[in-house]
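Put together the whole structure using the sequences plus the hints.
There are 2 protein chains.
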Amino acid sequence: MIEVITSIAIARKVFREIRDAGATLGLVPTMGALHAGHTSLIERARKENDRVAVSIFVNPTQYDDPADLENYPRTFETDLEKAAAAGADIVLAPASTYLYPDDYRFRVTESPLSQRLEGAHRKGHFDGVLTVVLKLLNIARPNRAYFGEKDWQQLQLVREMVDALFVDTEIVACPTARETDGLAMSSRNTLLPDEHRRLAPQLHTVLDAGGPVEEMAAALGAAGFEVDYVERWNDRVLGAVRIGNVRLIDNVEI
Amino acid sequence: MIEVITSIAIARKVFREIRDAGATLGLVPTMGALHAGHTSLIERARKENDRVAVSIFVNPTQYDDPADLENYPRTFETDLEKAAAAGADIVLAPASTYLYPDDYRFRVTESPLSQRLEGAHRKGHFDGVLTVVLKLLNIARPNRAYFGEKDWQQLQLVREMVDALFVDTEIVACPTARETDGLAMSSRNTLLPDEHRRLAPQLHTVLDAGGPVEEMAAALGAAGFEVDYVERWNDRVLGAVRIGNVRLIDNVEI
Chain A
0 MIEVITSIAI ARKVFREIRD AGATLGLVPT MGALHAGHTS LIERARKEND RVAVSIFVNP
60 TQYDDPADLE NYPRTFETDL EKAAAAGADI VLAPASTYLY PDDYRFRVTE SPLSQRLEGA
120 HRKGHFDGVL TVVLKLLNIA RPNRAYFGEK DWQQLQLVRE MVDALFVDTE IVACPTARET
180 DGLAMSSRNT LLPDEHRRLA PQLHTVLDAG GPVEEMAAAL GAAGFEVDYV ERWNDRVLGA
240 VRIGNVRLID NVEI
Chain B
0 MIEVITSIAI ARKVFREIRD AGATLGLVPT MGALHAGHTS LIERARKEND RVAVSIFVNP
60 TQYDDPADLE NYPRTFETDL EKAAAAGADI VLAPASTYLY PDDYRFRVTE SPLSQRLEGA
120 HRKGHFDGVL TVVLKLLNIA RPNRAYFGEK DWQQLQLVRE MVDALFVDTE IVACPTARET
180 DGLAMSSRNT LLPDEHRRLA PQLHTVLDAG GPVEEMAAAL GAAGFEVDYV ERWNDRVLGA
240 VRIGNVRLID NVEI
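The listed protein sequences derive, respectively, from chains A and B.
Be aware that the first sequence starts at 0, since it is given in numbering that gives the first Met the number 0, and climbs by one per residue.
Be aware that the second sequence starts at 0, since it is given in numbering that gives the first Met the number 0, and climbs by one per residue.
If you're looking for bench data, these hints aren't it; they were derived computationally from the structure.
No copy labels: a pair is met if it fits in one copy or bridges any two.
In silico EDC-like pairs for lysine to aspartate or glutamate, Cα to Cα no more than 20 Å straight-line:
| no. | residue 1 | residue 2 |
| --- | --- | --- |
| 1 | 12 | 162 |
| 2 | 122 | 227 |
| 3 | 149 | 178 |
| 4 | 122 | 67 |
| 5 | 12 | 167 |
| 6 | 149 | 230 |
| 7 | 81 | 47 |
| 8 | 122 | 109 |
| 9 | 149 | 67 |
| 10 | 149 | 169 |
| 11 | 149 | 180 |
| 12 | 149 | 126 |
| 13 | 12 | 88 |
What follows is the structure, encoded as structure tokens:
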């Protein structure tokens, strides 16, 4: 039976009891609207830890666009079923006011990486991400926390934050889960109307085909996307596009 | 025998062993140049915890003035003797590069309180303070951490950060230690030439006498200080002055 916790005080008590019992804990932070990408993280956490917690929290501070926050899919009841089926023991689903008792006065910031790529197109996004991830890690104090490679820049920033601030959690990176047509799984995919859903896999197809980033951007534009960026970063190429009201990101190894 | 640790990796291992043994830990964060104010914090920590650690680290990120950082007194050998005599088991004295592997890319920020009072006169000061305190708390994971009331604004910000970020450490406030003439103990006092040292207790005398803050500021100016601020804040009055190259702060309950 999955345990749903909304109170931070109760969560800290429950997580402390797990630690005191000498059990290991894996945390999978999510914003809900769970899909097979999330459940693959939960399944991995299940294999590697005695106890598994999933946090479900649509974090307002990482949205610069109120419409994007409002439209983000919320499917709490089916999320609970999926989390339980994938092996989670605990779902932490606090209210926003519980996670931000300070009304977001205290923030974790980073520069310059957090201002590039996604950060250049979503003002303040990574401040919100880093701050909420730190809060969740401090509340749960997991041995391991699981993040998908789809959000590549987020993954790097979270790893580097954990190292910089000496957080005692191992960050585990998990491969991007994809639909059979190559589209990276994302909660936002459910917002795509059919014609856009048919186009969406082109983002992965174009990035995966390789070549100069300018040509990839041109190909995506020609396919019907508005291109936010296509950039190489170390051994990856990262892209972000918009189609209708939905923004899609992806990245592949070069 | 006091244990001196400079490596973060070793420190984390030592503190983990303390936790795993079920012992409680008190941390006293300092910038060294220990005086009776610090030793009163260590003694209190000694009474309330099984093990006591003192960190000695002159944190470069909280100085906006390189001369102030350079002139800050450094007395490591006598610090070790004083810490040991007051009951500390461990001194954590890392190199700056060890605490900032990220070269200070990741920061804890706060607004608006951290921009007022001390923050208005020392740009970026509290970002540096909050960031280093969070790092030290994450490294040591103490049950309790001890801060002096002399740095009143710092104490409030640290308390509020710990609440906002769900750090599992109790912040213990300790009364300001004073010389017999009322001067708040401070490592910077040793930098005062005799004539300034004779004047310095006037800061406390004027704040303690009460009255309108404008009159206090005028009295301090007439006594020979350059006044950065005198302000009421809740049930305290806080003041900061400069005399020669030395900056002094103090605060008293109204």
